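K.L.:
Please model the complete structure; the sequences and the hints are all you need to start from.
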Amino acid sequence: LEESEKAYSMDPQPGYRHRTAQILFSKGEYDKAYDMFKELASTTMRTGEVYFEAAQCKTQLGASKDEVVVLLDSAVAACNHPLDATAAPYVLARGQMNAELGQYKKAIADYNVYDTLMYGRANAEFYFARYQCEVKVRQYQQALNDIAHAAYIGGQNTPFYLAEMASLQLRVNMLEDAVKSSDLCLSLSPENTDALIIKGVALVNLKKKDEGMECFRKASELGDKRGDEYKEKYK
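Under this note's numbering, the first residue of the sequence shown is numbered 944, with each subsequent residue one higher.
Rather than coming from a laboratory, the hints here were simulated on the basis of the structure. This structure is a prediction, so every number in the text was calculated from the model and none was measured. Fair warning: there could be bad hints in the mix.
[To be verified] Here are the simulated distance ranges between beta carbons:
#: 1; residue 1: Q965; residue 2: L1149; range: 55 to 63 angstroms
#: 2; residue 1: K949; residue 2: Q1003; range: 24 to 32 angstroms
#: 3; residue 1: L944; residue 2: D1126; range: 36 to 44 angstroms
#: 4; residue 1: R1064; residue 2: K1176; range: 39 to 47 angstroms
#: 5; residue 1: E1164; residue 2: Y1095; range: 28 to 36 angstroms
#: 6; residue 1: A1052; residue 2: T986; range: 28 to 36 angstroms
Beta carbons are placed, not taken as given, at the ideal position from N, Cα and C, and that holds for glycine.
P.N.:
Dropping the structure here:
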C-alpha cells in the first residue's frame, strides 16, 4: 500500500491509484476502496473492471441489490460494444444479482448473453442457475435443455442434476422420461432417495403401483421419511 501510494504521489497515473484501491479492498477497507474506484470511473480508467470492483465493495458493505445492479449496469456499459469475452464476468454477475432480486427474465437475458460470450462453454453451475430461472418463468423446454446439459458436464454433481431433471419431467407429466432420468441417476448414485421418490411417483401415475411402492419402500429403508409418507398416500 505504501509503495503504491508513493508511486502515485510521484506520478499520478490512474493505474497506480487503481492498484491502491485493490489493495484497500484486499485489506477489507471497502468504504475507502469504493470511493477510490468511483473516483477512477471519472478518469481515463472508466472501465468495466473498475465499476465491477465498486460493485464488489458495495456487496461487502451490505448495500441493496438494486444499488449493486446499477453499478453492474455501468460495468457492462463501459465495455466495448458489441460485447466480447472481457465483458462476460460483469454480465454474469448482473444476471446472478437479477436472479436474487426475482427479476428472472432479466437474469435469463443476461445468462443468454453470457452463454454466447462463452461460446456455450460455461460450467454446469451456470446451466443449473439458468435452469432455475427458466423454471420460475415456466420456460420448461429451455429448462429441460439446460438441466440436461448440466448433467452432461456435471462431473461428481451429475446425480444431483439428473434428479432435478427427473423432478421437472415429473412436474410436466413426462412420466416415462422421469423414470429414465431417475434410473440413470440411481445407476450413478444408488442411494439417491430423491430419484427413488420421483421414480416412485412417476410409476404410480403410469399405473405401475407395485413398482412405485417398491421405490418408496427403498427410500424409507435408506432413512428418507418421505418414503413412508408416499406409501401411505398411495396405498
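K.L.:
Are the hints correct? Go through all of them and say.
P.N.:
Quick rundown of the hints versus the structure:
Distance hint check: the CB atoms of Q965 and L1149 are about 58 angstroms apart, consistent with the given range 55 to 63 angstroms. Judged by the Cβ atoms, the range 24 to 32 angstroms given for K949 and Q1003 holds: they are separated by roughly 27 angstroms. Evaluation of the 36 to 44 angstroms hint for L944 and D1126 yields a failure: the beta carbon distance comes to about 58 angstroms. Checking the proposed 39 to 47 angstroms range against R1064 and K1176 shows it holds: the Cβ atoms sit about 43 angstroms from each other.
At roughly 31 angstroms, the beta-carbon separation of E1164 and Y1095 lies within the given 28 to 36 angstroms, and the hint holds. Between A1052 and T986 the C-beta distance comes to about 31 angstroms, which sits within the given range of 28 to 36 angstroms.
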